[in-house]
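Trainee: First to last, the protein sequences are chains S and C.
In the numbering used here, each residue's number is its place in the first sequence (first place is 1) plus 78.
In the numbering used here, each residue's number is its place in the second sequence (first place is 1) plus 17.
If you're looking for bench data, these hints aren't it; they were derived computationally from the structure.
Note that this is a predicted model, so its numbers are computed, not measured.
Be aware that a few hints might be false.
[Stated by the list, open to error] As a list, the in silico EDC-like pairs of lysine to aspartate or glutamate whose alpha-carbon atoms are at most 20 Å apart:
no.	chain 1	residue 1	chain 2	residue 2
1	C	K239	S	D91
2	S	K111	C	E49
3	C	K202	C	D320
4	S	K80	S	D328
5	C	K311	C	D277
6	S	K80	C	E459
7	S	K332	S	E317
8	S	K332	C	D55
9	C	K193	C	D72
10	S	K80	S	D152
11	S	K80	C	E461
12	C	K420	C	E454
13	C	K239	C	E292
14	C	K373	C	D358
15	C	K202	C	D364
16	C	K420	C	D364
17	S	K111	S	D283
18	S	K111	C	E124
19	C	K420	C	D410
20	C	K311	C	E325
21	C	K239	S	D88
22	S	K80	C	E454
23	C	K202	C	D181
24	C	K311	C	E292
[What the hints assert, rightly or not] Derived coverage of chain C by chain S (criterion: at least 3 residues anywhere in the stretch with Cβ under 8 Å from a Cβ of chain S; other residues may be distant):
no.	segment
25	85-95
26	443-452
Quick reminder that beta carbons are idealized off the backbone N, C-alpha and C, glycines included.
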Amino acid sequence: MKSALVRFADWTDPVPPVEREVIAAPPADGDGKPPVLFVPGLGHGAWAYAEHWLAHTAARGFPAYALTPRAGGDLRAHVHDVVQTAASLPRQTVLIGHGAGALVVAYAMARYPAKAAVLASPVLDGWVSLGAALRTNPFGTLPAVLGGRLRLSRRQLFSAALPAEQAEEYLGRIDRLRPRRELVTHGPAATPVGDPRVLVVGSPDDRVVPRKSLDRTAARYGGAPLLFPGMGHDLMLDEGWAEPIEAIIDWLDKELLTV
Amino acid sequence: MYDTPDIADRHDAVCVVGAGASGLAAIKNLREQGFAVDCYERETSVGGGWNWRHDRSPVYASTHLISSRPMTEFPDFPMPDTWPDYPHHSQVLSYLERYSAHFGLGEHIWFGTEVVSAVLVGDGRWDVTTRSTGGGASRVQRYAAIVVANGHNWAPAPLRVEGDFRGEVIHAAAFKDPAQLRNRKVLVVGGGNTGCDIAVEAAQQATTVWHSTRRGYWYAPKYLFGRPADQVNAGLLRWRLPLRLRQFLYRRTLALTTGDLTRYGLPVPDHRPYEAHPVVNSQLPYYLGHGLIKAVPDVARFDGASVELADGSRIEPDLIITATGYLPRFEFLDPGLLDSDPDGRPDLHLHAFARKHPTLAVVGLLQPDAGLLPLAHWQSVAVARWLRLRVSDPARAAAVQQKESARTLRSWSRRQVVPTRRHWFEVDYLAYLRTVESLLREMEPAR
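Using the sequences plus the hints, can you model the full thing?
Mentor: Laid out in structure tokens, this is it:
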């Protein structure tokens with residue numbers, strides 16, 4: 079078991095600082111709700127949340143922030159970016175990660191006592207998601223497996239309900255990066271510090287994260303996933319984006335009241 | 018809030034003494050384990066010794082960290098990565114203030130309130146008497162446990178020298194501003210980190226500077242190979258190099274960088290590297306080499322206007338700054354509770370847990386060869402988990418206590434240090450963290 083106390087990597091080779099893009103949405107009313115920090119997945123940036131979810135969260139009274147982790151960073155650097163940003167906010171922060179960003183959040187929870195956390199369509203089982211991607215989008219995925227760039231497809235991320243034009247526009251904004259091997263080969267995330275409540279949301283029709291993987295992730299955090307049938311992987315961009323964020327904020331309101 | 022006598026019983030709440038770095042970590046980690054916490058702080062703000070506004074704060078204008086940022090920050094709340102390798106004390110204070118605000122700790126702290134006494138009542142609970150700092154009516158409240166985080170760098174240890182000195186003698190704690198040194202003849206007594214810092218400061222301000230040290234030290238530079246030296250050293254530990262080899266590398270590295278300091282009159286170290294609290298100062302050799310600091314031996318006697326040194330020579334300073342360290346003080350506790358020796362140094366398991374009193378713990382009473390905050394954090398996590406386990410699973414708590422009592426002092430304290438007064442609570446941070454981790458694993462909730 080890896081030590082949580084002895085952190086040679088951080089002591090001998092600290093992650094270098096970078097300028098981080100953080101989009102902020104001030105809350106509608108300042109009644110002391112904790113900040114919410116959104117972490118995007120592979121190829122996505124803070125813009126993916128700025129589309130709908132950020133404003134919606136702020137309208138419900140939460141100071142909302144979306145972070146773009148550094149370009150070309152490894153998992154450790156991205157975790158560092160999330161923890162640095164969370165610690166820079168005035169209050170103990172709720173972390174919400176999507177896709178591979180949920181993996182970053184899962185790791186970050188071992189480094190920062192999140193107020194609560196939400197893992198949306200979490201890509202925590204790398205091999206399973208790689209298999210699913212190869213089935214759904216072989217020609218976009220295969221080059222990435224061989225060290226080339228990843229081309230995500232419309233079928234992978236969105237449901238048929240999202241107008242084709244809109245889907246193409248989003249796809250155009252997604253970075254065609256070279257995914258790191260560790261996205262698949264990483265070990266399980268360490269136990270979160272501060273015992274935060276964790277909610278897993280997803281869709282049974284997600285073509286990146288199969289239903290079984292959702293169940294497994296939710297079970298790891300002691301619950302069952304909250305499902306939004308009919309939606310694609312990108313819950314925050316797909317048609318019907320309001321439903322998941324409404325449910326997430328309802329859950330937050332309830333959890334934060336009882337904590 | 019609790020003025021009426023009938024609600025003086027705070028039931029399961031824990032009392033924390035002091036809202037400095039260690040106290041703040043204790044509040045946060047006790048809260049995470051679900052405890053109600055009342056923290057008493059004699060000053061009117063957080064930060065303890067790091068808050069230069071506090072009258073007991075030992076910081077001086079130029080105080081910077083001597084351990085680098087990644088080895089000094091709380092493990093679950095990093096300092097901004099844009100900060101320098103060795104932040105200034107005002108940055109450390111703002112960091113602690115942000116930590117307190119971030120986790121909403123302020124609402125659990127009673128500022129301007131000091132703990133006058135804490136008395137054990139029959140069932141392992143504590144009657145804590147508090148009053149406004151500097152007087153006023155006192156009141157007594159009953160707590161399930163008490164966590165002491167009152168710091169150990171505020172009660173100056175006196176310099177014991179025969180004779181009278183006509184000039185000014187101040188303890189390093191009273192040194193705040195370089196202007197105090199300007200155009201004076203200064204004798205700095207003490208070769209610790211503070212003594213070296215002040216000697217360097219004096220070299221830039223005073224007309225003459227003598228630096229009196231009792232023994233030779235290994236003066237480690239702050240940077241090696243362009244990296245903070247403690248990070249380089251952690252690299253050696255990472256590859257599990259044996260102590261002898263690390264000592265050899267240490268000597269070689271110092272010989273190649275700082276070089277031989279005995280030619281400036283400094284004594285040869287009377288111990289091997291890693292056998293004393295590290296003294297980290299890159300500038301001392303520089304000013305010695307420029308003749309701006311004169312190394313002199315121990316002070317033997319005061320004689321009117323002059324000071325007689327151990328080698329019989331006499332110097333005539335007009336200001337003496339004694340960097341003779343600090344003493345631990347726990348006036349509000351009966352010394353027997355902490356198994357303190359006649360000099361007031363407690364004997365605690367892991368320097369944290371009172372051996373005979375499971376509901377009494379001290380946080381931050383350590384002198385590690387790295388930053389203190391990470392150790393204080395994990396100490397307070399262990400204390401909080403321990404107090405929780407006592408409530409939730411007394412049988413397991415008893416088993417853990419049984420097992421811990423068999424843990425030898427040698428396994429977690431510094432193996433070999435020069436036998437001086439200051440080294441009684443010296444720990445090797447790596448050995449200490451590993452020990453605390455094994456304790457935490459023993460106490461892990463069954464899943």
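Trainee: Work down the list of hints and note, for each, if the structure agrees.
Mentor: We went through each hint and held it up to the structure:
no. : hint               : verdict
1   : C:K239 with S:D91  : 16 Å, holds
2   : S:K111 with C:E49  : 19 Å, holds
3   : C:K202 with C:D320 : 16 Å, holds
4   : S:K80 with S:D328  : 36 Å, violated
5   : C:K311 with C:D277 : 15 Å, holds
6   : S:K80 with C:E459  : 16 Å, holds
7   : S:K332 with S:E317 : 26 Å, violated
8   : S:K332 with C:D55  : 27 Å, violated
9   : C:K193 with C:D72  : 11 Å, holds
10  : S:K80 with S:D152  : 19 Å, holds
11  : S:K80 with C:E461  : 15 Å, holds
12  : C:K420 with C:E454 : 14 Å, holds
13  : C:K239 with C:E292 : 18 Å, holds
14  : C:K373 with C:D358 : 15 Å, holds
15  : C:K202 with C:D364 : 41 Å, violated
16  : C:K420 with C:D364 : 18 Å, holds
17  : S:K111 with S:D283 : 33 Å, violated
18  : S:K111 with C:E124 : 16 Å, holds
19  : C:K420 with C:D410 : 16 Å, holds
20  : C:K311 with C:E325 : 15 Å, holds
21  : C:K239 with S:D88  : 18 Å, holds
22  : S:K80 with C:E454  : 11 Å, holds
23  : C:K202 with C:D181 : 18 Å, holds
24  : C:K311 with C:E292 : 26 Å, violated
25  : 85-95              : holds (count 7)
26  : 443-452            : holds (count 3)
Hint compliance for this structure: hints 4, 7, 8, 15, 17 and 24 are not met, and every other hint is.
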